[in-house]
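Chemist: Protein sequence lines correspond, in order, to chains A and B.
Take the first sequence: its letter number 257 is residue 257 in our numbering, and every next letter is one higher.
One gets our numbering by counting positions in the second sequence from 1 and adding 348 to each.
A couple of the hints might just be wrong.
[To be verified] Away from chain A, derived, C-beta distances all over 10 Å, residues of chain B:
no.: 1; residue: Val357
no.: 2; residue: Ile365
no.: 3; residue: Gly381
no.: 4; residue: Leu387
[Stated by the list, open to error] FRET-style restraints, in silico, Cβ to Cβ:
no.: 5; chain 1: B; residue 1: Gln380; chain 2: A; residue 2: Ser322; range: 34 to 40 Å
no.: 6; chain 1: B; residue 1: Ala366; chain 2: A; residue 2: Asp176; range: 25 to 31 Å
no.: 7; chain 1: A; residue 1: Met249; chain 2: B; residue 2: Arg354; range: 24 to 30 Å
Hints are computed from structural coordinates only; laboratory data are not their basis.
From the three backbone atoms N, C-alpha and C, an ideal C-beta is built for every residue, glycine too.
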Amino acid sequence: MRIVVIGVGAVGSRAARQLHGSLSPSSDDLAVVDVHGGRMEAVAASLGPPAHAAPWSPATFDGADVAVLCHGSSGDAHRVAAEAALERGAHVVSTSDALDDVVGLLALDAEARERGLSVVVGAGFSPGLSCLLARHAAAEFSSVAEVHVAKAGTGGPACARQHHAALAGEAVDWRDGAWVRRRAGSGRELCWFPDPVGGLDCYRAALPDALLLRPAFAELCAAGSTGPDRITARMSASRRDRVTVRLPMLRRPHAEGEIGAVRVEVRGRRGAATDALVLGAIDKPAVAAGAVAAVAALWAASGRLARPGAAGLAELVAEPVSFLRELADRGVRAAVFEGDPGVASSSL
Amino acid sequence: MRALRRAIVALLTAGVIAGVLRLRGSGGVPPQGGGWRELSGSDLR
Chain A
1 MRIVVIGVGA
11 VGSRAARQLH
21 GSLSPSSDDL
31 AVVDVHGGRM
41 EAVAASLGPP
51 AHAAPWSPAT
61 FDGADVAVLC
71 HGSSGDAHRV
81 AAEAALERGA
91 HVVSTSDALD
101 DVVGLLALDA
111 EARERGLSVV
121 VGAGFSPGLS
131 CLLARHAAAE
141 FSSVAEVHVA
151 KAGTGGPACA
161 RQHHAALAGE
171 AVDWRDGAWV
181 RRRAGSGREL
191 CWFPDPVGGL
201 DCYRAALPDA
211 LLLRPAFAEL
221 CAAGSTGPDR
231 ITARMSASRR
241 DRVTVRLPML
251 RRPHAEGEIG
261 AVRVEVRGRR
271 GAATDALVLG
281 AIDKPAVAAG
291 AVAAVAALWA
301 ASGRLARPGA
311 AGLAELVAEP
321 VSFLRELADR
331 GVRAAVFEGD
341 PGVASSSL
Chain B
349 MRALRRAIVA
359 LLTAGVIAGV
369 LRLRGSGGVP
379 PQGGGWRELS
389 GSDLR
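Same shape as in the complex, but just chain A (with noise of 0.2 Å):
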């Protein structure tokens, strides 16, 4: 098996180490690559055979079964490299949660079925395991009538400079049958995450959970139905995010933030009744990210997603309950909230 990682950042450096874990330094091939010359050699010679430090041009596709694109996104960064390794023959990986990114890796869904390969899109903390989250609660009821999606944290400094900019952009959710874009910023609400992140405000911004999830639940509906009314994704911000949305960041992004969590609620019918499961995570969001990234990446080179074609992780992935554990055998352990939903739940 051969994967090329793109982008050794919080997040890559991560999903290399988690996919070099699940390779054979005889038989496999990891290769890993990055602007920075320096922090792509310390990363393959941190790993150890079979990673190696490749240099980037889109031959480095030649002969790979997945390429993992973890680098910043800046314009249409993930889909050039996303249509370069589809040309090569390879499954994509997509760790970008900026809504033109996914926008633009989902148009690729055509070509990637042609071809028989996948395109998974936003394989990171949310959206990745939000929508695993959201695929495996939506199990437990008959009927899915809304999902609400939140998350809390950045990654390393491009998550960071992307969470700044989706509270500045507009925010796009399913709601009643339609796409509704409202900006960004506005929408609080108190969303309560696992412990010890607790209840933290969080307001509507550019985030491409909907786009991701809404096909999903469409397919999973039955014949006739439109699926969930209402899909919508919130994000944590400070004061001081939301006062300095408009302007540049005012500081240097972090290395790496500190631990995170993604919240997902979802209402529905269980039989006669109308219900609401809550589920959520917390790790750090880097590292929840590469492992996300890393097992969709060891999946669709092993051939276990859904079928071929761009989508997220909750349309491609028809057993999450099984990415669910072996997420879990990598630390990144999901919690339900067991107790009063409607207490527990926003009204989001």
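Add chain B to chain A, keeping to what the hints say.
Modeler: The following block gives chain B in isolation, referenced to the frame of chain A:
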């Protein structure tokens, strides 16, 4: 002139109050019971 000054003061006051409400406000109600439990074992079969 006096009316204009009053209008400006009223607008500024409203802006300050709106800003304070936007940045502080009340977020919601914390859970009154229950708690988080890690998924494990039978949950992931």
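Chemist: Work down the list of hints and note, for each, if the structure agrees.
Modeler: Here is what the structure says about each hint:
no.: 1; hint: Val357; result: holds (24 Å)
no.: 2; hint: Ile365; result: holds (16 Å)
no.: 3; hint: Gly381; result: violated (5 Å)
no.: 4; hint: Leu387; result: violated (5 Å)
no.: 5; hint: Gln380/B / Ser322/A: 34 to 40 Å; result: holds (35 Å)
no.: 6; hint: Ala366/B / Asp176/A: 25 to 31 Å; result: holds (29 Å)
no.: 7; hint: Met249/A / Arg354/B: 24 to 30 Å; result: violated (40 Å)
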